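Number of protein chains: 2
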Amino acid sequence: MSTSKYGRLIGASLGPGDPDLITRRAWAALNGGARWAYPVKKAEETSYALEIVRRGGLEIPHDAEPLVFPMTRQAEPLARAWAHAAARTAAMLAEGRDVVFLVEGDASTYATFAHLARTVRELAPGVEIETIPGVSSFAAAAAHLGEPLAGEDDTLAVIPAAYGIEVIDHLIDEFDTLVLLKVKPLLDDVIALLERRGLLHEACLIEKVGSPHERVVRDVSTLRGEKIAYLSLILVRNPGRLRGELQRGCRKKVASKASQPT
Amino acid sequence: MSTSKYGRLIGASLGPGDPDLITRRAWAALNGGARWAYPVKKAEETSYALEIVRRGGLEIPHDAEPLVFPMTRQAEPLARAWAHAAARTAAMLAEGRDVVFLVEGDASTYATFAHLARTVRELAPGVEIETIPGVSSFAAAAAHLGEPLAGEDDTLAVIPAAYGIEVIDHLIDEFDTLVLLKVKPLLDDVIALLERRGLLHEACLIEKVGSPHERVVRDVSTLRGEKIAYLSLILVRNPGRLRGELQRGCRKKVASKASQPT
Numbered sequence: 010m011s012t013s014k015y016g017r018l019i020g021a022s023l024g025p026g027d028p029d030l031i032t033r034r035a036w037a038a039l040n041g042g043a044r045w046a047y048p049v050k051k052a053e054e055t056s057y058a059l060e061i062v063r064r065g066g067l068e069i070p071h072d073a074e075p076l077v078f079p080m081t082r083q084a085e086p087l088a089r090a091w092a093h094a095a096a097r098t099a100a101m102l103a104e105g106r107d108v109v110f111l112v113e114g115d116a117s118t119y120a121t122f123a124h125l126a127r128t129v130r131e132l133a134p135g136v137e138i139e140t141i142p143g144v145s146s147f148a149a150a151a152a153h154l155g156e157p158l159a160g161e162d163d164t165l166a167v168i169p170a171a172y173g174i175e176v177i178d179h180l181i182d183e184f185d186t187l188v189l190l191k192v193k194p195l196l197d198d199v200i201a202l203l204e205r206r207g208l209l210h211e212a213c214l215i216e217k218v219g220s221p222h223e224r225v226v227r228d229v230s231t232l233r234g235e236k237i238a239y240l241s242l243i244l245v246r247n248p249g250r251l252r253g254e255l256q257r258g259c260r261k262k263v264a265s266k267a268s269q270p271t
Numbered sequence: 010m011s012t013s014k015y016g017r018l019i020g021a022s023l024g025p026g027d028p029d030l031i032t033r034r035a036w037a038a039l040n041g042g043a044r045w046a047y048p049v050k051k052a053e054e055t056s057y058a059l060e061i062v063r064r065g066g067l068e069i070p071h072d073a074e075p076l077v078f079p080m081t082r083q084a085e086p087l088a089r090a091w092a093h094a095a096a097r098t099a100a101m102l103a104e105g106r107d108v109v110f111l112v113e114g115d116a117s118t119y120a121t122f123a124h125l126a127r128t129v130r131e132l133a134p135g136v137e138i139e140t141i142p143g144v145s146s147f148a149a150a151a152a153h154l155g156e157p158l159a160g161e162d163d164t165l166a167v168i169p170a171a172y173g174i175e176v177i178d179h180l181i182d183e184f185d186t187l188v189l190l191k192v193k194p195l196l197d198d199v200i201a202l203l204e205r206r207g208l209l210h211e212a213c214l215i216e217k218v219g220s221p222h223e224r225v226v227r228d229v230s231t232l233r234g235e236k237i238a239y240l241s242l243i244l245v246r247n248p249g250r251l252r253g254e255l256q257r258g259c260r261k262k263v264a265s266k267a268s269q270p271t
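Top line first, the protein sequences correspond to chains P and S.
Throughout, this note's numbering is defined as the position within the first sequence, counted from one, plus 9.
Throughout, this note's numbering is defined as the position within the second sequence, counted from one, plus 9.
It is possible that some hints are incorrect.
One copy or two, either will do: identical chains are not told apart, so a pair holds if it fits within one copy or between any two.
Listed below are the simulated EDC-like cross-link pairs for lysine to aspartate or glutamate, each with C-alpha atoms no more than 20 Å apart in a straight line [said to hold, decoys possible]:
1. K51 with D182
2. K191 with E223
3. K14 with E216
4. K191 with D178
5. K191 with E161
6. K193 with E235
These aren't lab readings, by the way, just hints derived from the structure by calculation.
Just so you know, these numbers come straight off a predicted model, no measurement behind them.
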């Protein structure tokens with residue numbers, strides 16, 4: 010389709026940590042002769058995505074290119090870093106060789122790839138971009154726990170915990186499974202909420218699922234006052250969620266508690 | 010860990026349709042000498058999961074076992090079919106050989122595996138069960154469209170569309186991305202809602218993503234009155250969602266429109 014001289018930009022999802030959860034397509038992209046690019050938080054720092062691949066037994070090519078995406082909300086340094094990463098990626102693509110950008114988890118789910126791809130496209134119109142989807146951290150967490158993420162007719166919500174306790178409290182009523190991401194700064198408040206709602210034993214915390222540093226905590230109340238990793242999530246099931254009867258194709262019976270009088 | 014004489018039961022997620030999206034672990038499980046079991050809707054019918062593997066170039070073992078999971082909500086035949094599938098699986102495991110159960114999509118997400126595993130465990134206590142997570146249909150859909158499923162600070166909800174138009178209407182206000190599954194029986198109503206909410210151009214329908222029968226419809230209004238496949242989803246983005254400023258670790262600023270006075 011594309012007639013540009015640019016190489017293709019490939020966003021390769023690697024799954025959340027276990028190299029065996031890399032898809033066959035991502036694996037082929039890594040081994041297909043493309044130039045590698047990978048995200049780091051600071052120059053000279055290790056890359057979570059690169060470590061997944063390394064654990065998979067692949068040798069890191071000598072010309073693999075780190076791109077710095079700093080962990081800051083300050084607009085100016087963030088914009089500068091993003092502009093640099095996009096310009097560097099565009100420059101690599103202009104050499105005509107494909108670039109495979111390594112992404113932990115799934116590239117469409119809370120990942121930087123979509124934003125990088127959009128910025129690169131502005132610099133290099135006509136560049137061909139492929140996103141290879143992957144296993145999300147919450148799918149891997151549910152599988153690891155042997156819990157359904159969603160059973161038939163269930164509802165599922167995924168939110169950064171920073172939305173706050175009120176929002177989480179409210180969503181517990183509407184969803185059978187709630188995935189709380191980046192739970193670190195609110196951990197104690199979330200534990201207090203789960204206790205108040207009687208859901209302490211329906212929740213589980215997982216850090217760095219599938220990595221050598223994975224930790225599973227089935228009694229989250231033991232975490233009060235503890236420090237946890239940035240890459241951690243809490244999976245909450247609400248087995249007592251009130252809802253009406255849901256029938257295949259039945260559109261009139263509204264099933265969520267949210268629409269019932271309170 | 011397990012001291013039982015049973016083989017292990019492995020739920021192998023195959024992703025939504027493209028055999029290249031099978032993970033390395035699921036691929037190894039398929040090729041590791043385990044007995045295959047796969048779901049069919051009726052006896053003698055083809056299996057969507059088995060077709061994914063076949064397209065991947067694997068030969069179907071002569072003793073691969075179909076298990077019937079009928080598409081019905083009638084309690085009695087459903088319970089009978091489930092009991093039979095679980096008993097048959099337990100009998101295969103009792104022969105001491107591992108059984109790999111083929112699952113389309115991700116085994117924890119709207120799949121029958123968790124329920125099957127629970128029932129098998131009742132029949133064969135101590136049986137070791139492993140779930141191999143996979144790429145979900147909505148992650149594959151987002152990647153295929155080149156759209157983020159969730160950007161930084163975004164919220165994501167996944168619901169069967171049968172919950173009804175009122176619920177969908179309400180959730181549009183609370184979520185940046187809404188994934189509507191099994192949209193077939195409500196399609197026209199969903200299209201009308203999206204039009205009313207000004208979101209027709211923020212929605213996209215995908216049928217059987219990654220399969221040879223994949224269809225992507227970016228203008229869903231063209232589908233009015235049309236028949237669509239059972240395995241179809243609509244991805245709706247709500248770029249105009251009202252929310253407060255979300256700050257890293259800021260717990261007091263509630264961000265969802267739902268908790269604002271209406």
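We went through each hint and held it up to the structure:
1. For a Cα distance limit of 20 Å, the shortest separation of K51 from D182 qualifies neither inside one copy, at 40 Å, nor across copies, at 36 Å.
2. Proximity of K191 to E223 under the C-alpha cut-off of 20 Å is restricted to the intra-copy arrangement: shortest distance 15 Å within a copy versus 34 Å between copies.
3. In this assembly of identical chains, K14 and E216 lie within 20 Å of each other by CA distance neither inside one copy nor across copies; the values are 42 Å within and 33 Å between.
4. Proximity of K191 and D178 under a CA criterion of 20 Å is satisfied intra-copy only: 17 Å inside one chain copy versus 28 Å between copies.
5. Proximity of K191 to E161 under the C-alpha cut-off of 20 Å is restricted to the inter-copy arrangement: shortest distance 11 Å between copies versus 27 Å within a copy.
6. In this assembly of identical chains, the alpha carbons of K193 and E235 lie at most 20 Å apart only when taken from the same copy (9 Å versus 47 Å across copies).
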